[in-house]
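Let the sequences and hints guide you as you build the complete structure.
So you can see what is in the structure, the chains are spelled out below.
There are 2 protein chains.
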Amino acid sequence: MKLKIKNFNWLAGRPVVFLNKEAAKKLNVHVDERVSISADSKKVYAVVDIFEKMLKKGEIGVSDEISRILNLKKNSRVEVSNSLFSSSGELIKRKLSGEKLTEKEFNALVSEISRNNLTESEIAYFVAAEKIKGMSGKEVIYLIKAMVSNGNKLSFLKKIIADKHCIGGIAGNRTTPIIVSICAAAGLTIPKNSSRAITSASGTADVMETLSNVEFAPAEIKKIVDKTNACLVWGGSLGLAPSDDKIIHVERILNLDVEPQLIASILAKKISAGSTHVLIDIPYGASAKVSTRKEAKKLGAKFRKIAGYFNLKLRAVYTNGSQPIGNGIGPLLEMRDVLAVLKNNPDAPRDLREKALYLASELMSLCGIRNSQQKAAEILESGKAYAKFREIVNVQNKKEKNSHDFEKRVKKMELAQFKKILLAEKTGKIVSINNNKINSLCRVLGTPENKSAGCYLHHHLGKIKKGAKLMTLYSESKSKLKDALKFIKETKPVVIK
Amino acid sequence: MKLKIKNFNWLAGRPVVFLNKEAAKKLNVHVDERVSISADSKKVYAVVDIFEKMLKKGEIGVSDEISRILNLKKNSRVEVSNSLFSSSGELIKRKLSGEKLTEKEFNALVSEISRNNLTESEIAYFVAAEKIKGMSGKEVIYLIKAMVSNGNKLSFLKKIIADKHCIGGIAGNRTTPIIVSICAAAGLTIPKNSSRAITSASGTADVMETLSNVEFAPAEIKKIVDKTNACLVWGGSLGLAPSDDKIIHVERILNLDVEPQLIASILAKKISAGSTHVLIDIPYGASAKVSTRKEAKKLGAKFRKIAGYFNLKLRAVYTNGSQPIGNGIGPLLEMRDVLAVLKNNPDAPRDLREKALYLASELMSLCGIRNSQQKAAEILESGKAYAKFREIVNVQNKKEKNSHDFEKRVKKMELAQFKKILLAEKTGKIVSINNNKINSLCRVLGTPENKSAGCYLHHHLGKIKKGAKLMTLYSESKSKLKDALKFIKETKPVVIK
Chain A
1074 MKLKIKNFNW
1084 LAGRPVVFLN
1094 KEAAKKLNVH
1104 VDERVSISAD
1114 SKKVYAVVDI
1124 FEKMLKKGEI
1134 GVSDEISRIL
1144 NLKKNSRVEV
1154 SNSLFSSSGE
1164 LIKRKLSGEK
1174 LTEKEFNALV
1184 SEISRNNLTE
1194 SEIAYFVAAE
1204 KIKGMSGKEV
1214 IYLIKAMVSN
1224 GNKLSFLKKI
1234 IADKHCIGGI
1244 AGNRTTPIIV
1254 SICAAAGLTI
1264 PKNSSRAITS
1274 ASGTADVMET
1284 LSNVEFAPAE
1294 IKKIVDKTNA
1304 CLVWGGSLGL
1314 APSDDKIIHV
1324 ERILNLDVEP
1334 QLIASILAKK
1344 ISAGSTHVLI
1354 DIPYGASAKV
1364 STRKEAKKLG
1374 AKFRKIAGYF
1384 NLKLRAVYTN
1394 GSQPIGNGIG
1404 PLLEMRDVLA
1414 VLKNNPDAPR
1424 DLREKALYLA
1434 SELMSLCGIR
1444 NSQQKAAEIL
1454 ESGKAYAKFR
1464 EIVNVQNKKE
1474 KNSHDFEKRV
1484 KKMELAQFKK
1494 ILLAEKTGKI
1504 VSINNNKINS
1514 LCRVLGTPEN
1524 KSAGCYLHHH
1534 LGKIKKGAKL
1544 MTLYSESKSK
1554 LKDALKFIKE
1564 TKPVVIK
Chain B
1074 MKLKIKNFNW
1084 LAGRPVVFLN
1094 KEAAKKLNVH
1104 VDERVSISAD
1114 SKKVYAVVDI
1124 FEKMLKKGEI
1134 GVSDEISRIL
1144 NLKKNSRVEV
1154 SNSLFSSSGE
1164 LIKRKLSGEK
1174 LTEKEFNALV
1184 SEISRNNLTE
1194 SEIAYFVAAE
1204 KIKGMSGKEV
1214 IYLIKAMVSN
1224 GNKLSFLKKI
1234 IADKHCIGGI
1244 AGNRTTPIIV
1254 SICAAAGLTI
1264 PKNSSRAITS
1274 ASGTADVMET
1284 LSNVEFAPAE
1294 IKKIVDKTNA
1304 CLVWGGSLGL
1314 APSDDKIIHV
1324 ERILNLDVEP
1334 QLIASILAKK
1344 ISAGSTHVLI
1354 DIPYGASAKV
1364 STRKEAKKLG
1374 AKFRKIAGYF
1384 NLKLRAVYTN
1394 GSQPIGNGIG
1404 PLLEMRDVLA
1414 VLKNNPDAPR
1424 DLREKALYLA
1434 SELMSLCGIR
1444 NSQQKAAEIL
1454 ESGKAYAKFR
1464 EIVNVQNKKE
1474 KNSHDFEKRV
1484 KKMELAQFKK
1494 ILLAEKTGKI
1504 VSINNNKINS
1514 LCRVLGTPEN
1524 KSAGCYLHHH
1534 LGKIKKGAKL
1544 MTLYSESKSK
1554 LKDALKFIKE
1564 TKPVVIK
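If you read the sequences in order, they're chains A and B. Residue numbering for the first sequence is 1074 to 1570, as defined by this note's numbering. Residue numbering for the second sequence is 1074 to 1570, as defined by this note's numbering.
Please keep in mind that the hints were generated in silico from the structure rather than gathered at the bench. Keep in mind that this is a model prediction, so the values were computed, not measured. Misleading hints may appear alongside valid ones.
Note that identical chains are pooled: a pair holds if it fits in a single copy or bridges any two copies.
Result set (PhoX-like, lysine-lysine): computed pairs, CA atoms no more than 25 Å apart in a straight line [unchecked claim]:
no., residue 1, residue 2
1, K1147, K1094
2, K1115, K1559
3, K1493, K1386
4, K1166, K1206
5, K1099, K1570
6, K1077, K1218
7, K1098, K1367
8, K1551, K1098
9, K1502, K1099
10, K1481, K1319
11, K1565, K1166
12, K1551, K1130
13, K1555, K1098
14, K1485, K1099
15, K1570, K1173
16, K1472, K1296
17, K1079, K1130
18, K1536, K1211
Right under this line is the structure:
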């Protein structure tokens, strides 16, 4: 049926239309079902919402995504049809019943996801199929190929592009800015793009943002890398493997970990980013994503196998994930730890320093640098890594006022105004610091939105005396601080025995 | 965070809120995620849409569902929080990994679905888990209990309440109005509520609506049944097992058939409707929902077992579903067939008459009526069934003008203006009439929205001569008629060999 556009200037995150009840009835569509909208020779699919009184008879409300794709003007007329079943739906249905899909079929499916043509529930069915029915090695390869070819790609015209990735799950653990600084100072090209926090207290992009701009277009990133050998930016706006963001979004609804999707997501992003040598950090431990070293190695082998197909040099390392790494958890607290390590402060968290040095030297060795352990340590201790970090931040802040005033920026980094110090209630041994609970605690305190919130761990696993400082909580709101204390009482993120 | 209500008078089908980008960022929610909204001591969960320019800073747009539940006035302020993980999400996640859920857990889950607190994607994960991981008999019982107790119930203060249900999938097959008329004339109480078409050409409610009102409140239904022993109404507005409608909606996205859900859906609706004696028709055949008689019997045994737990007398019958039943497919064409059978017209479709008589006599026998076969035939042949049908329709039309003018109504039933007669292209045997394809063909022609559209089968399986009438297509639009011819060419719903 023909309907007249009513534009609400409304960016819904995906193509959405509003219909009044009458039009919905005629089209036989319900809330959250799909219609196709055609204008001239272009066609787009959109999800339906029913909107009673804002639409006159014969009108349709469209989100900005649709106006852009169809190039619609005010009062344009479009042809709207019920489009309940997508051909991708048929593919997902087959995957649900355990069939293997072909390369062409994965490409069709991922292309629809990338173009926002599938509903969340269709993607949920796909994720459930991946989780329960599994994916063959071939299927993961097809999925990666499809994810890469349906997105943007970066390229840097260098033989070696170094990259690192941690599968996540460990609180704190902000090694990336240190590793990138060391490796770039060692002469490697390492254009690092990172995510913001999804369910954790903070992501590398959130942490970097306490000091630096992190949102850049691909062309700007190239300039930064030309100057500094590196960058530390947010990957979200680059459009690399966009289907991935949508699938992760749907996984997140149930907080699911789907192994083949994890492998495909990480490798598709690395390939799209132009990386050639990739270090994968797989932490294991009771509250990590992977429980044992054995499982971690199994996952690492899968990464290597799939990476081999794409001629990606990949090394997996298995690190202790039994507790948070570093003392500060939360964007600003983590940046303080990073700076302390880079500046070789005597009170810098040792575990963070050691892990960052280890990963940097592994990545350098993967890229063919000899004596990498020694070299990495020398670069850090000599202050070259710190100088490189300042350089990267200054270049990324070039468009800001006083862009070179690194110290001023650091001084401005103030922790949240409300704080509470918790003391050990008895003498004994800290036997557990749960990563997930510490992450949740920080979110209760306001991270990652409030960059200055979070918690500072004065002690890691091991002995502690009654009355010693255990942790300090920071929040911008008194009531959140209260909620955090309640959360600690209920969930016991730290156990002393 | 506190936000001020902006009401759009907008019935979204479930609780939905609009946030501007800034508020969404602060709450750390994305499109299609969930927030909780509290006012006074009431709380409701809602799905998020991001709406850029229609909301001022500090405003939230809420759908009517929310205003009603929270009793909101213009300019009220509400507390909005990120509510990403629901406790039901945790249950669904466990079901996905193959765990069995308890009675209490099913109740919690279904209660959330009934109150519209789960997103479509969460329900999709649940449906996928049911489909792939299966459900134990106990779990189906818990699910039914939960569906019944989280919905409205009808009760009729009679010892025997007869009911029938076909699991669906056969085109035409409009036996219900005939069975209800025969059984009610035989003295049984049979308050029948039916659905509208979901993916088929028409549902019993769509067919009845060509002659009669079908939407009534429970109190009105009681009055109709008091007068006539029966009713033929739409079940959709009665609020029986409302979770079912939402689950079916999500199944429909991929057109999935999930057996435990099918059993639970049907029995929960029957129990909620107060039925005590239920006949289940399970057609089998190549294009039916169940392929073989053996499979049909297996499904029937499951129905009986679960029904036994609820003290529901249930009989399953296994009927030939290898082709459409009756000649007309589409609401009005099917009503014509029904009337022809009830009026004992010599040209009434024989298959429809025989099947309706068989099912009526089986249901009568289940309810303790002896010689039911003979009695059913006598009631139909004597015109008592037709009289009863007229009585039901007249009572259901009581509020209409000229409510007793049954004949006038029948005369008004005019078929769609554009028609096309298709002839057999060769002499031979019709070896296949595919139910799904015939249903889809009718939808292309405009059913169920256009009640007068559809197709008339002049022949069933068996011999046919070149040039004989094969089928007539009816549509209200020339372009749909064209599309239908293309559809026939592509999919070949009828095969002559």
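So, going through the hints one by one against the coordinates:
no. : hint          : in the structure
1   : K1147 / K1094 : both (22 Å within a copy, 24 Å between copies)
2   : K1115 / K1559 : between (55 Å within a copy, 22 Å between copies)
3   : K1493 / K1386 : neither (47 Å within a copy, 65 Å between copies)
4   : K1166 / K1206 : both (12 Å within a copy, 15 Å between copies)
5   : K1099 / K1570 : neither (67 Å within a copy, 38 Å between copies)
6   : K1077 / K1218 : neither (40 Å within a copy, 46 Å between copies)
7   : K1098 / K1367 : neither (56 Å within a copy, 39 Å between copies)
8   : K1551 / K1098 : between (50 Å within a copy, 21 Å between copies)
9   : K1502 / K1099 : neither (69 Å within a copy, 38 Å between copies)
10  : K1481 / K1319 : neither (38 Å within a copy, 56 Å between copies)
11  : K1565 / K1166 : between (43 Å within a copy, 23 Å between copies)
12  : K1551 / K1130 : between (50 Å within a copy, 23 Å between copies)
13  : K1555 / K1098 : between (50 Å within a copy, 23 Å between copies)
14  : K1485 / K1099 : between (59 Å within a copy, 22 Å between copies)
15  : K1570 / K1173 : neither (50 Å within a copy, 35 Å between copies)
16  : K1472 / K1296 : within (13 Å within a copy, 77 Å between copies)
17  : K1079 / K1130 : both (11 Å within a copy, 23 Å between copies)
18  : K1536 / K1211 : neither (49 Å within a copy, 50 Å between copies)
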